[in-house]
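Trainee: Each chain, written out:
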Amino acid sequence: MPTSVPDALNTLCAGLILISAFAMVATRQVQGVVRFFVIQSLLLAASSFLLGYSRGSVHLWALGAITIGAKVLAIPWVLRRLLPGDFYERREISQAVNIPASLLLALLLTVASEFLTGPLVMATHDPVVRVNLPIGLAGILIGAYSLIARREAIPQLIGILAMENGAFFAGVAIASELPIIAELAVAVDVILIAVVVGLLTRNIGQTLGTTEAAALSELKEDSPA
Amino acid sequence: MTLIAILAVPLLAALLCWVRPLRSVTWGITVGSTCAVFALTLNVSSEVISSRRAIGIAGWLEADGLSALVLVLVSFVLALACIFSGGYMRHGEHNQGRLPWFYSSYNLLAFALLAVPSLAEPNMVWVAVELVTLFSVLLVGFDNTASALEAAWKFAVLTIMGAPIALLGFFTLFWTYRSATGGSWETWEGIRTAASSMDPNLLKLSFLLVFVGFGAKSGLAPMHTWLPDAHSQAPTPVCAVLSGVKTTVPLYVILRFLSIVLVSPAARIGNWMVVLGLLSVGLAAFLLLQVRDYKRMFAYSTVEHMGVILTAAGLATGTSDFGAVSQMLNHAITKSLCFYVAGVILLAVSTREIQSVRGLLRTSPFAGSMLLLCSLAIAGAPPFPIFLSEFSILSAGMRAGQYAVVAILAILIVIAFVAIMQHVNGMVFGRPAVTHLTEALPLSCRFAVLVAAAPVVLLGVYIPAPVHDLLQLAAQQLGGH
Numbered sequence: 001m002p003t004s005v006p007d008a009l010n011t012l013c014a015g016l017i018l019i020s021a022f023a024m025v026a027t028r029q030v031q032g033v034v035r036f037f038v039i040q041s042l043l044l045a046a047s048s049f050l051l052g053y054s055r056g057s058v059h060l061w062a063l064g065a066i067t068i069g070a071k072v073l074a075i076p077w078v079l080r081r082l083l084p085g086d087f088y089e090r091r092e093i094s095q096a097v098n099i100p101a102s103l104l105l106a107l108l109l110t111v112a113s114e115f116l117t118g119p120l121v122m123a124t125h126d127p128v129v130r131v132n133l134p135i136g137l138a139g140i141l142i143g144a145y146s147l148i149a150r151r152e153a154i155p156q157l158i159g160i161l162a163m164e165n166g167a168f169f170a171g172v173a174i175a176s177e178l179p180i181i182a183e184l185a186v187a188v189d190v191i192l193i194a195v196v197v198g199l200l201t202r203n204i205g206q207t208l209g210t211t212e213a214a215a216l217s218e219l220k221e222d223s224p225a
Numbered sequence: 001m002t003l004i005a006i007l008a009v010p011l012l013a014a015l016l017c018w019v020r021p022l023r024s025v026t027w028g029i030t031v032g033s034t035c036a037v038f039a040l041t042l043n044v045s046s047e048v049i050s051s052r053r054a055i056g057i058a059g060w061l062e063a064d065g066l067s068a069l070v071l072v073l074v075s076f077v078l079a080l081a082c083i084f085s086g087g088y089m090r091h092g093e094h095n096q097g098r099l100p101w102f103y104s105s106y107n108l109l110a111f112a113l114l115a116v117p118s119l120a121e122p123n124m125v126w127v128a129v130e131l132v133t134l135f136s137v138l139l140v141g142f143d144n145t146a147s148a149l150e151a152a153w154k155f156a157v158l159t160i161m162g163a164p165i166a167l168l169g170f171f172t173l174f175w176t177y178r179s180a181t182g183g184s185w186e187t188w189e190g191i192r193t194a195a196s197s198m199d200p201n202l203l204k205l206s207f208l209l210v211f212v213g214f215g216a217k218s219g220l221a222p223m224h225t226w227l228p229d230a231h232s233q234a235p236t237p238v239c240a241v242l243s244g245v246k247t248t249v250p251l252y253v254i255l256r257f258l259s260i261v262l263v264s265p266a267a268r269i270g271n272w273m274v275v276l277g278l279l280s281v282g283l284a285a286f287l288l289l290q291v292r293d294y295k296r297m298f299a300y301s302t303v304e305h306m307g308v309i310l311t312a313a314g315l316a317t318g319t320s321d322f323g324a325v326s327q328m329l330n331h332a333i334t335k336s337l338c339f340y341v342a343g344v345i346l347l348a349v350s351t352r353e354i355q356s357v358r359g360l361l362r363t364s365p366f367a368g369s370m371l372l373l374c375s376l377a378i379a380g381a382p383p384f385p386i387f388l389s390e391f392s393i394l395s396a397g398m399r400a401g402q403y404a405v406v407a408i409l410a411i412l413i414v415i416a417f418v419a420i421m422q423h424v425n426g427m428v429f430g431r432p433a434v435t436h437l438t439e440a441l442p443l444s445c446r447f448a449v450l451v452a453a454a455p456v457v458l459l460g461v462y463i464p465a466p467v468h469d470l471l472q473l474a475a476q477q478l479g480g481h
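Listed in order, the protein sequences are those of chains B and Z. Each residue of the first sequence is one higher than the last, beginning at 1 in our numbering. Each residue of the second sequence is one higher than the last, beginning at 1 in our numbering.
There could be a bad hint or two in this list.
Cross-link-like lysine to aspartate or glutamate pairs, in silico, DMTMM-like; alpha carbons within 25 angstroms at most [as the list claims (entries may be wrong)]:
1) Lys204/Z - Glu177/B
2) Lys204/Z - Glu189/Z
3) Lys204/Z - Asp7/B
4) Lys204/Z - Asp126/B
5) Lys204/Z - Asp64/Z
No wet-lab data here; the hints were simulated from the structure.
All chains should be built: construct the whole structure from the sequences, respecting the hints.
Mentor: Shown next, in the form of structure tokens:
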């Protein structure tokens, strides 16, 4: 089956989104993680513009614009405003799993999501769904993994937002006619997540002097009260 | 119209809390707004009882039996918890200067909690559930101590992580709905009528994604680990809201999805829900045995009751659905009472350790007797309402022929009962170590405890006709056969 140019470009975006998810797993510098997140969001917006063009859907154009406004502009700005500069210069010394092993696990998650979505992808004839659904699920799973493996607060937050990107990448294919109001509400919500978690991170940094999540291990059932 | 007012009042109150001349009366503003909302939700539910459905804006804000029930529960707990916090927040280590911050967050949480059941469009419901999580994170970390911030962080990461997974579930639902009907504006009601023509595999997938995503938020095992931390570290009135209704609200969304999936009998989702529900009940029952902190004890009991509700909904018969919604009602009113009492005890003895609270009946007769009452009620002793709803769930299981489920559930409930009563026994009776009652209990706290205790005692012996009608309408929405 010959694919149209926008669909082929969308597949390219899908590949780059996957690569940027891997890059987020591989980066140690907090600043670098944020940068790759911005690149991934730009790719998501590009993909929704492409599909909006090929399907003639205003909704997808709006979604692309909302993505740029919320994730490329607003969230990095909010994090800059909330957190002092030295948060960004940090390097993570300790990670629960080292980087080569993490990349291998991310690869396994990608293969797993290909298999998980297999039966659904077989049932549809839409070539875009066939690309976006597995890649979107892989984005969610890799984001969840980096949330578990990361020790610093900001990369954990970016992990959550990257999961959101994965959900939306699948969403542009399967729910392209979603009411614009719902998309707007989701964007506002994503910014609020960044604000609340950023505030929390700042308070933790001020109270405990560190933003390593590993320092937060006081509350356990067996700890002597 | 009433539904619009229900959402507008808390938003307005949240704004008023920041107006400079009004900063000293933020408590009064919040009490006023939550009580007004409670009256409005009663109005909505009477409208639902008489005409089955209340409509604020068609397609946007609609209430049926299930949402009216959740609305009433949420607003009841919110109003009493607010009255309770008047006396509570003035004591102890809470920073007085930040009270406007506390009450405006509280109003925003109220707005989000009320929005979930009154919104009719599922994608907007997702947004509202996320707002609930975010505003409760702010309140959990309010004290700004190291342990409160740790609890807030765990809570934020574990529950927000579920959000994108659930979002994919909502997208899948929309995909299924659109390919079956061609419409692009979905409502709960519209989806349920179209459910029989929708692809059952996709429906099942969307339900599972939402279950994983929102199950964490309602504290179902094995994603419950944030719950005891958040519910023990937050200021006590916030715990009452979190444990009483914040867990019920995502469960409401799960039940909505469950009712859609159950329309197509091919999906054997019901059995899975029973298994997962029993897992929560079992895990909570055994953790209850070794708990050391009485606020954590009540938090684990929340996990137990969420499991009971899920099990009942999974049985999916008409009577078990009735049991599930009455358990929802009874748990919300009883659990919030438990946390008010826990707050009173904390004010009286200023420790959360079960071991160091002894002979409460002698040092503080009010706190001691109320603790005994609320623990018997939450553990499910007759004649309290939880006993009635658990009994009806068990008998519904018997009638459905699920003897193994009934046996396991009954054993686990008994274990949880023994665990709670064993801890409480020492706290209430026993020999008081020190008579360290520092000051008299604030009047607003006593008032909130007494008002909260009234329905717990009353509903055990007599269910008024409107309550019964509302429960029946809510049970019909769950779609058991």
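Trainee: Each of the hints needs a verdict: does it hold here or not?
Mentor: Going through the hints against the structure:
1. Under the criterion of a C-alpha separation no larger than 25 angstroms, the hint pairing Lys204/Z with Glu177/B is consistent with the structure, at around 21 angstroms.
2. For the proposed pair Lys204/Z and Glu189/Z, the alpha carbon gap of about 18 angstroms is at most 25 angstroms, so the pair holds.
3. In summary, the hint linking Lys204/Z to Asp7/B is not supported, as the alpha carbons are separated by about 29 angstroms, beyond the 25 angstroms threshold.
4. Proximity of Lys204/Z to Asp126/B is assessed by CA-CA distance (about 21 angstroms); at most 25 angstroms being required, the pair is judged to hold.
5. Restraint check: the Cα-Cα separation between Lys204/Z and Asp64/Z comes to about 24 angstroms, which is no more than 25 angstroms; the hinted pair holds.
Consistency with the previously given hints fails for number 3 only.
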